[in-house]
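Enquirer: Chain by chain, the residues:
6 protein chains.
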Amino acid sequence: MTQVHDTRYQRGLAALSAIDGEAGEKVVAQLADIAPDFARYLIEFPFGDIYSRPGLDLRSREIATIAALAALGNAQPQLKVHITAALNVGVTRDEIVEILMQIAVYAGFPAALNALFAAKEVFSSHPPSGAAQ
Amino acid sequence: MTQVHDTRYQRGLAALSAIDGEAGEKVVAQLADIAPDFARYLIEFPFGDIYSRPGLDLRSREIATIAALAALGNAQPQLKVHITAALNVGVTRDEIVEILMQIAVYAGFPAALNALFAAKEVFSSHPPSGAAQ
Amino acid sequence: MTQVHDTRYQRGLAALSAIDGEAGEKVVAQLADIAPDFARYLIEFPFGDIYSRPGLDLRSREIATIAALAALGNAQPQLKVHITAALNVGVTRDEIVEILMQIAVYAGFPAALNALFAAKEVFSSHPPSGAAQ
Amino acid sequence: MTQVHDTRYQRGLAALSAIDGEAGEKVVAQLADIAPDFARYLIEFPFGDIYSRPGLDLRSREIATIAALAALGNAQPQLKVHITAALNVGVTRDEIVEILMQIAVYAGFPAALNALFAAKEVFSSHPPSGAAQ
Amino acid sequence: MTQVHDTRYQRGLAALSAIDGEAGEKVVAQLADIAPDFARYLIEFPFGDIYSRPGLDLRSREIATIAALAALGNAQPQLKVHITAALNVGVTRDEIVEILMQIAVYAGFPAALNALFAAKEVFSSHPPSGAAQ
Amino acid sequence: MTQVHDTRYQRGLAALSAIDGEAGEKVVAQLADIAPDFARYLIEFPFGDIYSRPGLDLRSREIATIAALAALGNAQPQLKVHITAALNVGVTRDEIVEILMQIAVYAGFPAALNALFAAKEVFSSHPPSGAAQ
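Residue numbers (UniProt numbering), protein chains in the order written: chain A, 1 to 133; chain B, 1 to 133; chain C, 1 to 133; chain D, 1 to 133; chain E, 1 to 133; chain F, 1 to 133.
The hints are simulated quantities; they were obtained by calculation from the structure and are not laboratory data.
Possibly wrong hints are sitting among the right ones.
Stated by the list, open to error - Dumping the calculated BS3-like pairs for lysine-lysine here, alpha-carbon to alpha-carbon at most 25 Å:
(1) E/Lys26 - A/Lys26
(2) B/Lys80 - D/Lys120
(3) F/Lys80 - F/Lys26
(4) D/Lys120 - B/Lys120
(5) D/Lys26 - D/Lys120
(6) D/Lys120 - C/Lys26
(7) F/Lys120 - E/Lys80
(8) E/Lys80 - F/Lys80
(9) D/Lys80 - D/Lys120
(10) B/Lys26 - C/Lys120
(11) F/Lys80 - E/Lys26
(12) E/Lys80 - A/Lys80
Claimed, not checked - Pairwise CB distance ranges, derived in the manner of DEER restraints:
(13) E/Gln30 - F/Gly21: 25 to 31 Å
(14) B/Gln30 - F/Pro54: 22 to 28 Å
(15) D/Ser52 - F/Glu22: 55 to 61 Å
(16) B/Glu22 - D/Gln30: 26 to 32 Å
(17) D/Arg59 - C/Thr92: 28 to 34 Å
(18) D/Gln10 - B/Glu22: 42 to 48 Å
(19) F/Asp57 - D/Ser52: 55 to 61 Å
Claimed, not checked - To spell it out: a stretch of chain E is covered by chain F in this simulated footprint if at least three of its residues, at any positions, have a beta carbon under 8 Å from a beta carbon of chain F; those stretches are:
(20) 24-37
(21) 40-46
(22) 66-80
Since the model is a prediction, treat every value here as computed from it, not as a measurement.
Note that the Cβ used here is the ideal one computed from N, Cα and C, for glycine as well.
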C-alpha cells in the first residue's frame, strides 16, 4: 500500500518540480506546520492526477491555469506561481501578456490589469533566458 | 472615417465568423433590438482588437477562454459558444474535457462539473468530424 | 415594542412597494412557507434601513443595484426585479442599457450580455409608458 | 496496485453513497460518457480523501459545504445535492434555513434568497421524516 | 422607541462581543469616522438579528461563516476575524483546518490555500488555551 | 487611418483625464513596459467608447462603476481610482458612503466593509473641497 501511495505522490512531486520549480516546494513547506496532509493532497491530486495526464500538453495546461486564475481575480499568489510555471514550460512572456489582455474580455479590465501587474512582478524577478523569451 | 471604422469592424466580423460561426451571429442578432451598439463593440474590441492580434494562436486563445469562463461559472451560454469555438479552431473534444477537468483544481469541482455538462450538451449537438475528434 | 418594530417594518414595506411593486410582494410570498423571518429581514434591513435613508436618491440607488447585480452575474432573478425597479423610479430604458453595457468594462462581456438579455426580457413584458421611456 | 487504488475508490464510494445517496450516483452516471475519469476523481478526492477524514463530523462538513455553495451562488445543482446530503447526515430543515439566511450577511441577500429557494425545492420533494424535521 | 432600538442594538453588541471579542470592537471603531451608521447596522442585523437566533448553535454558525468566507476568497480580513471567532465558540484548530481543506473541493485549491495561510496567521497570534485546542 | 485612430484615442484620453485625473495616467504609465497596447485599449474602449457615450451622465456612470467594483470585491486598486473619479464628477463623500453601505445588501457585509475602508483611504488623501463635500 505504501508503495502505491508513493507512486502517485512521487509522480505528483516530479510534475510539481518540473512545472512550478521552487515555488511549489515553498508552498509545500509553508503548509508543513498547519496542514501537512493538504500539502500531500496538493501534490497528489492536481499534480499526480491532473497535470500528469497524457491528454493535454503542459503548455496548454498552464495557459488554462493562468487564464482561470486571472479571471477569478482572488488568487494572486497562485497566479504568480503559475506565470512562472508557464514560463518554465515554454509559454513566452509575450504570449502570457496576450492571454492576460484577453481576460479583459471575459472578466473585465480590472482583472486583466491586476493580472498584468502580477506578470510584471514575476518578469522583473525572472531575467529572460534565450529559451524563455 | 467610415472606411477606417469599417476596417476594424470588418476584421472583427471575419474573426467572429471564423471562430464562433453561427453562434456569434446569433448573439449579434439578439442584441439588435436592445443594444445594437453593444453588438458593434463586441465585434470590434474582443474580435477586431484582441482575437486578431498575431501574438497568440487561436487554439491557445480558445483554451484560455474556456478555462476563464468555466472558472467564473456564471456565463454558461458563453461557455457553450466557446466550447464550439474551441472545436472550430482545432482543440479536440478530449482536450476540452482535459481543460475542464483541470478547472476543478482552481475553481472547485462544481465549476468543473457544470462546465463538463455544458460540453456534453455542445458535443451532443455537434457530431464529430474526423478532424475535430 | 410592537409599535417600534412595526415602524421599521412598515417603512420598509412602503419602500419595497414603491420601488419593486408586485415583484417585491411576490418574493415575500415565496418565502412565506420556508423562511418567513427572512421575508421580514428583507423588508426591514434593505428597505426599512438602507433604501429609506435620505442621503441618496432612489434613482442613484437603483443604478448602483443593477450595476452590482450585473457585475456579480449570479443573481439574474434579482437583477430582473431591480431593472423593473429602476424603471419604476425613473431610470429610462436607454439609461439601463448604458449601465449594463458599461459592466463589460468591469466584469467582462459575458456579464454584460447576460444582463442585457435580462433587460430585454423585462422590457418586453413592461410596455413603455410615456414617463418610463 | 489495483488493490490500493480500489481501497481509496471504495472508501470514497461508500462515503458518497452514505452522504449523497442517489444524487451522487446520478452525477457519476452523467459523467460516464464524457469524463469517466472525472467521476473517479470525484469519488476519490472529495469523498475518499476529504469526507472520509476523521477530524470533523459529517454534520459539520455538510454545514460548511452548503454555506460555501450558497455563498458562491453559481452552483445551484450541487447546492441542492448537498442540501439533501445535509438532511441525510442529520442537519434539520430548520437548521438548513438558518444557515442559508446567515449567508445574506456574507454574500448578500440575493445569494441567500436563491439558496433558500433551492432548499424549498429540495424540501418539497423530500417529505420530512420524524428525525429529519 | 429608543428603548426598543437599544434592545436590538444591545443584543447585537452582546453577541458581537461574545463571538468576535476585540476584533469586532476594532471594526466598529474603524467605521466611526466614515460610516457610523454602518457600524450600527453591522451590530443590529448580523449580530442582533441573525447570530442571536436560537435555531442554530454558534459553533455551527461559525463553521458556516468561515466556509462561506473562504469560498468567496475576497474577504481575508473578515475570514481572519471569524477564524478567531470560531476558536472563541469552541471550534478547535484541527477542525478549522479540516473545514478549510474541504473548501478546495468547492472553490478550488487556491481558495483553500489562502484560507489556510490566513488560519496560520491567526493561530500564531492566538496561543492555544486548553479549551480552544 | 491614423487620423481616425487618433480621434477615438484622443477622445478616450480626454475622458480618462477628466474622470480619473492623475490616477488614470499612472495606470497607463505602469503598463508602458509590459503591455503598452493594453494601455491603448484601456483608453479606447472604456473611455473612448463607453464613457464618451452621451446617453448617461458621468455621475451615474461612476455610481455604477463603484457599485460594480465594490460588489466584485477583488479589484481594490480600481475601486480606489473610481472613488476618486466619483468625487471628480460630483458624487459627494456622503453619497459614496451611501452607495457602499448599500452593497452590503447585494454582495454582503465584508464587501461593503472593505469598500468603505478603501473609501476611507481615498478620503484621507483627498482633502474635501467645498464642491466635493
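Enquirer: Run every hint past the structure and note whether it holds.
Expert: Hint-by-hint comparison with the structure:
Proposed proximity of E/Lys26 and A/Lys26 is contradicted: the alpha carbons are some 33 Å apart, above 25 Å. A C-alpha spacing of about 29 Å is found between B/Lys80 and D/Lys120, which places the hinted pair above 25 Å, so the restraint is violated. This hinted pair checks out: F/Lys80 and F/Lys26 have alpha carbons roughly 13 Å apart, not beyond 25 Å. For a cut-off of 25 Å, the pair hint linking D/Lys120 to B/Lys120 is broken: about 28 Å separates their Cα positions.
The hinted pair formed by D/Lys26 and D/Lys120 meets the criterion: a straight-line CA distance of about 21 Å does not exceed 25 Å. At roughly 15 Å between alpha-carbon atoms, D/Lys120 and C/Lys26 fall within 25 Å of each other, so this suggested pair holds. Distance restraint check for F/Lys120 and E/Lys80: the Cα-Cα separation of roughly 21 Å lies within the 25 Å cut-off, and the hinted pair is therefore satisfied. Proximity of E/Lys80 to F/Lys80 is assessed by CA-CA distance (about 23 Å); at most 25 Å being required, the pair is judged to hold.
Between the alpha carbons of D/Lys80 and D/Lys120 the distance comes to roughly 10 Å, so the proposed pair stays at or under 25 Å and holds. Between the alpha carbons of B/Lys26 and C/Lys120 the distance comes to roughly 15 Å, so the proposed pair stays at or under 25 Å and holds. Proposed proximity of F/Lys80 and E/Lys26 is supported: the alpha carbons are some 22 Å apart, at most 25 Å. Between E/Lys80 and A/Lys80 the alpha-carbon distance is near 23 Å, which keeps this suggested pair within the 25 Å criterion.
The beta-carbon spacing between E/Gln30 and F/Gly21, approximately 27 Å, falls within the hinted interval of 25 to 31 Å. Our hint of 22 to 28 Å for B/Gln30 and F/Pro54 holds, since their Cβ atoms are close to 25 Å apart. At about 56 Å, the CB distance of D/Ser52 to F/Glu22 agrees with the hint of 55 to 61 Å. The given range of 26 to 32 Å is respected by B/Glu22 and D/Gln30, whose C-beta atoms sit roughly 27 Å from each other.
Range check, D/Arg59 to C/Thr92: about 51 Å between beta-carbon atoms, so the 28 to 34 Å window is missed. A beta carbon spacing of about 46 Å between D/Gln10 and B/Glu22 agrees with the range 42 to 48 Å that was offered as a hint. Between F/Asp57 and D/Ser52 the CB atoms are about 58 Å apart, so this pair conforms to the stated range of 55 to 61 Å. Coverage of the region 24-37 of chain E by chain F holds in this model, with 7 residues showing a Cβ closer than 8 Å to a Cβ of that chain against a need of three.
Counting residues of the region 40-46 of chain E whose CB lies closer than 8 Å to any CB of chain F gives 3, so the stated coverage by that chain holds, three being the minimum. Residues of the region 66-80 of chain E lying with their CB closer than 8 Å to a CB of chain F number 7, which satisfies the three-residue condition for coverage.
Of the numbered hints listed earlier, those contradicted by the structure are 1, 2, 4, 17.
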